[in-house]
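> Could you put together the complete structure from these sequences and hints?
Chains as they are written, first to last, in this note's numbering: chain A, 1 to 606; chain B, 1 to 249.
Errors might be hidden in some of the hints.
What the hints assert, rightly or not - Taking lysine-lysine and the DSSO-like style, the derived pairs with C-alpha atoms no more than 27 Å apart in a straight line are: (1) Lys361/A - Lys67/B; (2) Lys351/A - Lys209/B; (3) Lys209/B - Lys352/A; (4) Lys351/A - Lys339/A; (5) Lys209/B - Lys350/A; (6) Lys350/A - Lys205/B; (7) Lys226/B - Lys117/B; (8) Lys361/A - Lys205/B; (9) Lys209/B - Lys361/A; (10) Lys351/A - Lys205/B.
Just so you know, the hints here were simulated from the structure itself, not pulled from any lab data.
Here the structure is a predicted model, which means the values were calculated and not measured.
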Amino acid sequence: MAEFTTFEHDVLVIGAGGAGLRAAIEASACGCRVGLVCKSLLGKAHTVMAEGGMAAALANVDERDGWRVHFADTMRGGQYLNNWRMAELHAKEAPDRVRELESWGAVFDRTKEGRILQRNFGGHQYPRLAHVGDRTGLEMIRTLQDHGIHQGIDVHMEVTVVTLLKDGQRIAGALGYDRERGRFRLYRAGAVILATGGIGKAFKVTSNSWEYTGDGHALAYDAGADLKDMEFVQFHPTGMVWPLSVRGILVTEGVRGEGGVLRNSEGRRFMFDDIPDLYKNQTADNEEEGWRYVIGDKNARRPPELLTRDHVARCIVREIKAGRGSPHGGVYLDIGWIKEKISNAEEHIKKKLPSMHHQFKQLAGVDITREPMEVGPTTHYVMGGIDVDGDTQMSTVPGLFAAGECAAGLHGANRLGGNSLSDLVVFGKRAGEYAAKFAKEHGQPTVDQGQADDAMRDSLAPFDRAAESGAENPYEIQHTLQDLMQNNVGIVRNEEEMAAALDGIAKLRGRAKHASAHGHREYNPGWHTCVDLNNLLTVAEGVARSALERTESRGAHFREDHPEKVSDWGQWNLILRKGTDGAMQIERRRIAERPAELTTIIEEMK
Amino acid sequence: MATATFKIWRGDASGGEYRDYTAEFDQGMVVLDVLHHIQAEQAGDLAIRWNCKAGKCGSCSAEINGKPRLMCMTRMSTLPVDEPITIQPMQTFPIIRDLVTDVSSNFKMKRSIKKFKPRPPDTEDGAWLMDQQDVERVQEFRKCIECFLCQDVCHVLREHHMHDEFIGPRHLVYAAALEMHPLDTEDRVADLKKLHGAGYCNITKCCTKVCPEHITITDNAIIPLKERIADEFYDPVTKLFRIFQPKKK
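Structure follows, in structure tokens:
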């Protein structure tokens, strides 16, 4: 059998973005020997792509803000499918996590009084996002990285995990390989935290990097854990649409927070045409009021461009379908227009949105201080994921924890912008703390060599197939899957297309069994693509199966054959589990009853 | 669709060679897009390190026609295609395979710099007060995406291989961000002189020229650090004072 090196850790963290780093720092602070596995180099994880900011009710800009308002906003945005306990903890603890980042060296933009500045974002009643221009994610990951490297954490860079190992019911560690040499590594650990991020690479147009292949989702699922809410995939309303090669790259919601407006080809601000009932009370009904909100008038309601992402994305699709789109199949996002309102607009835009200015200039030859951007929806985030306990972040497998995007619950049917970065640190910390506790209480597990041998054999199989007739190109399978998901399980869904998607996924699963890799194991991306295919296929099936089951439209999940929200569906989460026969099983699970005081908060804020 | 020929360096630590690949490209494509097409259709095992494809993660550093650049931010329209486009890995770092280099030395260098040590909070709720003007100086340095192109182009590292004596522009920028942080109370000046070799930089500004984030590395980070070192170690008046004063911890 293939050789491997063994590493011993009390807590193994898989994934080194914001959640993984914060979890590793916490577990280490609890006195554990911590291993941190990065799929890429340290500090390159997808958190660097986060732009707009980190939501926390610091109340630095508007003193009316507080955890209750943040909680109510998060629940409303998630259409009440959220794990209310997570929404409560998140709203209460986010301010402390922001201040903690500052104590570790983060440098946020300031108010006139010298406090942390907060900006407007969709679905948040008050300016709430602590930010650094439009590169807040970079600030967060660099702060955690620079703090973390002094905490005695063992960092394993450019390692892909291929399977979790179990000792009976509990988790026992993981098996992976390093990309550099292709050598296997066995990690024995008392507790494992998954912080692997999302699944964007299951779709063709996405803001996500190559790493986002649903690894944590699939690892947990294969280890017997429950997945939840997988039908809820967030399509960010504003991705770049042109040039084609950059299609999908994110355009921060911060553009709209700073006063950017959406227009169709007729020049109309179409977001005023459809304001959902749930938000009528909070949304401006004319342009003048919307602008007053942007410049901080506390009596004004926010402009409809700052409605939740699910709604804005659908309105953009509606305009494009009605033939009122821009030349390259998007709509216009205009920030340059604010020069009509403020004198130093050009300087202001470059200062508040430097990355956007740079990105459009460099990649599209567009100067956003003068010209409107062309934007359209892009696959951005998955609300669904590994089902976890709200307080501890432990999955249904003892000793297996999850935090950040790969965990489910906080965001319900739709995530508010800015709630992701705060999610990472709030629940990263909790996962680290409780995983350390679990590891200490349960001691080191025993590793079953047979599980490792199986995983190594499966991982190396693509090399053996290279010479077979009928060998498949893994890149081609991946591209076919991305097209299938984009066309059949995208923003607007129906039964027929999703059933076809499930058929297609089953066929691709068959083809993936023949995916082959040429050459040797050292830094071989063809091989890596073969290994990642299984994860992508699992999450794609999960999304399609759940979306087919939920016969209503809610949050990010829109069915043209069931366009209405059904109140009964508001009581249920959808759970996916691997059956004993290996087939994916789906069941409805009733949402736990909410404590009266939380319901009161929601009612009061309506 | 237009066509371009690429001369891509293929090989590993034991050696390698340039191989020619011809590929079509569309308007607006960047170099990394074309390499991905080559990877998917002609060379499945072509090793490339990349992540965000938006100039934010700093993974896809390489040398394009001899110039250190991010492959994801180099548009095909900016390159002449009547002759082959040469793509080689960064030359300052050991080769792993093809376009991927071993940049691990950077992570070790960074750890040798003393970490952030803030003053006690200014307010009762554990927060600090800072002026926007004061944080902006540091924010420039914190834009760094750690692509290590500045390390690649720095002749102290590239030609003289002084990785053990000199931390290079990236880490001088990092040290400057800490030293000029409004809240920081640590002193790194002695380390910068003795351990980190700040004196080796002779201000040729090559690093500033290649920085994709347009950080004015030399003028805003390195020169002020050199001035601090000069003040502390070479100023005759300070030197006289030091003889009579207890040493700073």
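> For which of the previously enumerated hints does the structure constitute a violation, in increasing order of number?
none
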